[in-house]
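Protein chains in written order, with my numbering: chain A, 50 to 213; chain B, 50 to 213; chain C, 50 to 213; chain D, 50 to 213.
Treat the hints with care, as some may be off.
Which copy is meant is left open, because identical chains are indistinguishable; a pair holds if it fits in one copy or across any two.
Said to hold, decoys possible - Here are the simulated DMTMM-like cross-link-like pairs (lysine to aspartate or glutamate), alpha carbons at most 25 Å apart as the crow flies:
| id | residue 1 | residue 2 |
| --- | --- | --- |
| 1 | K159 | E170 |
| 2 | K175 | E66 |
| 3 | K159 | E177 |
| 4 | K159 | D98 |
Calculated from the structure, these hints are not laboratory results.
4 protein chains.
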Amino acid sequence: MTRVEPRDPEFETRVRESFARQALMRTIGAELARVEPGRVEIALPYRPDLTQQHGYLHAGITSAIADSAGGYAGYSLFPAESSVLTVEFKINLLAPAAGERFVALGEVVKPGRTLTICRLEVSAIKGERRTLIALGQQTLICLEGQPDRPGAVLKRATQHRRSP
Amino acid sequence: MTRVEPRDPEFETRVRESFARQALMRTIGAELARVEPGRVEIALPYRPDLTQQHGYLHAGITSAIADSAGGYAGYSLFPAESSVLTVEFKINLLAPAAGERFVALGEVVKPGRTLTICRLEVSAIKGERRTLIALGQQTLICLEGQPDRPGAVLKRATQHRRSP
Amino acid sequence: MTRVEPRDPEFETRVRESFARQALMRTIGAELARVEPGRVEIALPYRPDLTQQHGYLHAGITSAIADSAGGYAGYSLFPAESSVLTVEFKINLLAPAAGERFVALGEVVKPGRTLTICRLEVSAIKGERRTLIALGQQTLICLEGQPDRPGAVLKRATQHRRSP
Amino acid sequence: MTRVEPRDPEFETRVRESFARQALMRTIGAELARVEPGRVEIALPYRPDLTQQHGYLHAGITSAIADSAGGYAGYSLFPAESSVLTVEFKINLLAPAAGERFVALGEVVKPGRTLTICRLEVSAIKGERRTLIALGQQTLICLEGQPDRPGAVLKRATQHRRSP
Chain A
50 MTRVEPRDPE FETRVRESFA RQALMRTIGA ELARVEPGRV EIALPYRPDL TQQHGYLHAG
110 ITSAIADSAG GYAGYSLFPA ESSVLTVEFK INLLAPAAGE RFVALGEVVK PGRTLTICRL
170 EVSAIKGERR TLIALGQQTL ICLEGQPDRP GAVLKRATQH RRSP
Chain B
50 MTRVEPRDPE FETRVRESFA RQALMRTIGA ELARVEPGRV EIALPYRPDL TQQHGYLHAG
110 ITSAIADSAG GYAGYSLFPA ESSVLTVEFK INLLAPAAGE RFVALGEVVK PGRTLTICRL
170 EVSAIKGERR TLIALGQQTL ICLEGQPDRP GAVLKRATQH RRSP
Chain C
50 MTRVEPRDPE FETRVRESFA RQALMRTIGA ELARVEPGRV EIALPYRPDL TQQHGYLHAG
110 ITSAIADSAG GYAGYSLFPA ESSVLTVEFK INLLAPAAGE RFVALGEVVK PGRTLTICRL
170 EVSAIKGERR TLIALGQQTL ICLEGQPDRP GAVLKRATQH RRSP
Chain D
50 MTRVEPRDPE FETRVRESFA RQALMRTIGA ELARVEPGRV EIALPYRPDL TQQHGYLHAG
110 ITSAIADSAG GYAGYSLFPA ESSVLTVEFK INLLAPAAGE RFVALGEVVK PGRTLTICRL
170 EVSAIKGERR TLIALGQQTL ICLEGQPDRP GAVLKRATQH RRSP
């Protein structure tokens, strides 16, 4: 994607503070490696307690870092007072998730006032070798005027999607 | 789906042993709640260390239990000496994942010798109330003759998908 | 899904008139077989000029009737003055699309003010036999206050998704 | 993707002959614009009889050219005696499909002996302006030893996915 101007000059602080509130990222040991407008990278060292039955990283964890990377790539372009929720994503697991560490990249392909579409990539790194292990596509929704804090969004986000 | 006859009469033991080898499921506190031919349920109590920035269950964890439920629903119909890998899945997050506990259901829609397609559902339970929070669709591949053990699949699974 | 009350009592007329404006449906010979609140069926007789290289119905045509069935299932629950656009869909092609005719079913799983999620199914019918050939999942967006007419939506729909 | 060596030196002829057997492509006026190893482009002029209710190209036709472009991108890397079937695809419709003509690009991201994963893109062209209108991801299956002819695949393809 061509470089996009963020609407909020404080986007990086906003993204880093929100990421710090994602308890799961701390639990699994993931870190925000890179924050640019419309492009975010998350790094995760391999840990045996995050694996599936063959000892590879579980697809749910591959998805977790991919989803957060895409979500924050979108959120970096959102206005200051807003929240991001994932509407849906699709992910192809291209190869067994074997490596010493993993890097998830989220990149905005199509920003929008309401919906934002991202491309997701996860690579496994072992020594000098980097292998693409997952490729995804994600749809995000921007909830304007809804602060990004625990509990704050529950009511309106539910309302947003309630039955007619 | 209409009830399917499993090829391996020991399917439940095989599924339970493989699930027990998924370190991630232990790490997050997930349990195998139900194992039937072509239909598996996984239960997960809410834990604040598995959340995203608003305090809801992280979409990656919702995906992890959905992916494992679908994977084992497929695996229950596979032959005795085989492994299962997820090719891809797509998931819609229908409502914020707020609840006391979560139940993921994986159900085989189309079994096949090589590929098996599953429907995925995740519900949040709060008191008497059960809310559908995620809906997905998953493609699995059966690796025949490949034991379901740590390390065992790496070589052949990679080979399976290598470049021409 | 449990039966939903449509907001617009004239939903069926509105759906049928919009379907009649979909020139593609006429071109391929598709018909609106059933219109209920949140549930629409489209029927398509087999035609050799709609096939892929093996003589089966092309996946794009399977997708076209599935997408329209889901779109109108959602649209049946939308308010009177509105338009529907597909945000995205995912479809698994479960079996070769061989049959005398095909029926696509779209069903709303989660209605919402802005976004609506549908389940898609396509079956092939040959004599007495009905085979499920495709299964999908779709996200729709409701454009309120935008009339469902040729040309009318272009400006605002584009604006809706413009860059920040 | 880095350039891939095709296994079959006659890949272009094989792709062009198979495309010529896709009756739907002829019906809608689509043409094979470019065939490279692992990369195929299909061009389609706008036609009012292929539209949805607002006069844009119907998402099913956008999907049809995207699916064929990806399918032939994969098929270009398959061995000489083989067939290609689409397992599944997911597509995001990024903007209304308004233009004088459309170009679908299919590109192999991960080739494999059994499964091949492609990236799909569709652009609308109006005068000098080119707009990305759809982005997708596709899983293909290679049926080795199965000739790419009408009727030929039916039996084995069905068998491939039959119940256990």
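### Message
Regarding K175 and E66, is the shortest C-alpha distance of 25 Å or less found within a copy, between copies, in both, or in neither?
### Response
Answer is neither: 30 Å inside a copy and 29 Å across each miss the 25 Å cutoff.
### Task
Could you place K159 and E177 in one of the four classes (within, between, both, neither) given a Cα distance threshold of 25 Å?
Classified as between: cross-chain Cα gap 20 Å, same-chain 33 Å, threshold 25 Å.
### Message
My question is about K159 and D98: at a cut-off of 25 Å on alpha-carbon distance, are they close within one copy, between copies, both, or neither?
### Response
neither (36 Å within a copy, 28 Å between copies)
#### Entry: Identical-chain pair category, K159 with E170, by Cα at 25 Å
Both: 16 Å inside a chain and 13 Å across chains, each within 25 Å.
In the structure shown, a violation is registered for the earlier hints numbered 2 and 4, in ascending order.
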